[in-house]
Amino acid sequence: DAGITQSPRHKVTETGTPVTLRCHQTENHRYMYWYRQDPGHGLRLIHYSYGVKDTDKGEVSDGYSVSRSKTEDFLLTLESATSSQTSVYFCAIGEQGARNEQFFGPGTRLTVL
Amino acid sequence: AQSVTQLGSHVSVSEGALVLLRCNYSSSVPPYLFWYVQYPNQGLQLLLKYTSAATLVKGINGFEAEFKKSETSFHLTKPSAHMSDAAEYFCAVSDPGANSKLTFGKGITLSVRP
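Taken in sequence, the protein lines are chains W and X.
Read in the numbering used here, the first sequence has 46 at position 46, and its numbers run on one by one without any break.
Read in the numbering used here, the second sequence has 119 at position 6, and its numbers run on one by one without any break.
Honestly, the hints are just simulated from the structure, not real lab data.
Calculated pairs, BS3-like style, for lysine-lysine (alpha carbon to alpha carbon, straight line, at most 30 Å):
{"id": "1", "chain 1": "X", "residue 1": "K182", "chain 2": "X", "residue 2": "K219"}
{"id": "2", "chain 1": "X", "residue 1": "K162", "chain 2": "X", "residue 2": "K181"}
{"id": "3", "chain 1": "X", "residue 1": "K219", "chain 2": "W", "residue 2": "K57"}
{"id": "4", "chain 1": "W", "residue 1": "K57", "chain 2": "X", "residue 2": "K162"}
{"id": "5", "chain 1": "X", "residue 1": "K219", "chain 2": "W", "residue 2": "K11"}
{"id": "6", "chain 1": "X", "residue 1": "K182", "chain 2": "X", "residue 2": "K171"}
Source: prediction; values computed, not measured.
Please put together the full structure from these sequences, using the hints given.
Okay, here's the thing in structure tokens:
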């Protein structure tokens, strides 16, 4: 399995609080992605990174920000969590020239009360 | 823009029966296509991928898929279902030049009856 870890694996928080999810890789891959998974919607891309300090928005980026200060870490921040952000969040990594194949982390289940 | 359509949200088959999970895509350029599987409470695992080589692609666990450009389809099949195949299956499409981004379908849950 690709070396991808996510922390925390589970989190319960209250509306209006800030939340940061961490994705850590040991594969030295260039690309990193954050998705959310919701029933009936599949996986939707939130943000992605194509290098250190290089990030871009995905399909559902409103209410989320990201940072990547080193190759191995990609942080997803919910500045002020809302109940609509209750979801399972997956991090993925990919390498340039690997025909766009992505490897997924184990996921973080976030509940916003 | 790319999109993926997976018709239906749930498929149920008997153990030993043929598995057929449908995937249709739209893309303005010849795409890369993927099938991922997700077991309960786990991340996604790559089953197989099409990247412009052979149109019939074989993957893990006895699954295969055929790329049909004329039908814009990439259906997933397995001749004989096993109980361990019960999972959620996602089809995804990627533009080869698009920063490696994937667009996923909504997923299909496969149940296998004894």
